[in-house]
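Residue numbers (the working numbering): 7 to 220.
Don't read these hints as lab results, they were simulated from the structure. Bear in mind the structure is a predicted one, so any value in this text is a computation, not a measurement. Where is the CB? At the ideal position from N, CA and C, for every residue including glycine. Certain hints may be false.
Derived DEER-like restraints, expressed as beta-carbon distance ranges [unchecked claim]:
| # | residue 1 | residue 2 | range |
| --- | --- | --- | --- |
| 1 | Ser66 | Arg207 | 55 to 65 Å |
| 2 | Ala181 | Gln84 | 34 to 44 Å |
| 3 | Gln159 | Arg17 | 13 to 23 Å |
| 4 | Ser66 | Asp118 | 17 to 27 Å |
| 5 | Ser117 | Ser75 | 37 to 47 Å |
| 6 | Asp201 | Arg54 | 33 to 43 Å |
| 7 | Ser138 | Leu170 | 48 to 58 Å |
| 8 | Arg17 | Asp120 | 20 to 30 Å |
| 9 | Ala85 | Asp179 | 37 to 47 Å |
| 10 | Val151 | Val205 | 32 to 42 Å |
| 11 | Pro210 | Ala91 | 18 to 28 Å |
| 12 | Arg184 | Asp118 | 38 to 48 Å |
Keeping only pairs whose Cα atoms sit at most 25 Å apart, straight-line, the calculated DMTMM-like set for lysine to aspartate or glutamate is [as the list claims (entries may be wrong)]:
| # | residue 1 | residue 2 |
| --- | --- | --- |
| 13 | Lys96 | Glu180 |
| 14 | Lys96 | Glu173 |
| 15 | Lys96 | Asp201 |
| 16 | Lys96 | Glu34 |
| 17 | Lys96 | Asp53 |
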Amino acid sequence: MSVQLLLSAGRGPQECAWALAHLLRRLEGEAGRQGLAVQRLRAVPGDRPGTYRSVLIEVSGAGDEAFTSSWTGTLCWQAPSPYRASTGRKNWYVIAQPPRPDTAPTTFAESDVDIVACRTGGPGGQHRNKASTAVRATHRPSGIVVVVDDERQFSLNRRIALRLLRERIERGDEAARRAVTTARWRVHDELVRGDPTRVERPEPSGRAAGGAAR
Numbered sequence: 007m008s009v010q011l012l013l014s015a016g017r018g019p020q021e022c023a024w025a026l027a028h029l030l031r032r033l034e035g036e037a038g039r040q041g042l043a044v045q046r047l048r049a050v051p052g053d054r055p056g057t058y059r060s061v062l063i064e065v066s067g068a069g070d071e072a073f074t075s076s077w078t079g080t081l082c083w084q085a086p087s088p089y090r091a092s093t094g095r096k097n098w099y100v101i102a103q104p105p106r107p108d109t110a111p112t113t114f115a116e117s118d119v120d121i122v123a124c125r126t127g128g129p130g131g132q133h134r135n136k137a138s139t140a141v142r143a144t145h146r147p148s149g150i151v152v153v154v155d156d157e158r159q160f161s162l163n164r165r166i167a168l169r170l171l172r173e174r175i176e177r178g179d180e181a182a183r184r185a186v187t188t189a190r191w192r193v194h195d196e197l198v199r200g201d202p203t204r205v206e207r208p209e210p211s212g213r214a215a216g217g218a219a220r
């Protein structure tokens, strides 16, 4: 059992990417104290060394759902900017949301394809029509249908039809994966500043990292 969480600095300034790095370490430390494992699956680095625009993590262990729920929503890292001493702003926001799950690839099997001989018009003359060498292939799970009459032999048209079905299914899977990726990273635009779910601050010198300060 495991739960994934996507942390994003959104379109915020470089301090938000810096804040994300601090919040991620705070999250990992708290998870470790609760006996949970955190794995970084994907990360998009920020402009500054050691910062992140976004990080996809996976939390596993007993109580992983409750833990990730406590870190879901708008997170705030409250500290002065390390890059701009002149700014008085101290609140830097990050969003954490469960990502959209990956789509399972379609398994292509010839047993899922209905092959029917048919006649079609067009070039080839009466021989092609009378011999019914054209092929109508239907992939039952997806409902995709192709008709092939390129060749004079049924077996060749059947082979072409199966290849076309496989290619169309693979293209459909790729399009679905792209849609999931687009939706997953759209979280960048969903960051709401203010009213955070959680506020974290740097620990005072000499004190071990602790839990959330609310």
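- Which of the numbered hints are not met once you compare them with the structure shown? Checked against the structure, the hints that fail are numbers 1, 3, 4, 6, 7, 8, 10, 12, 13 and 14, while the rest are satisfied.
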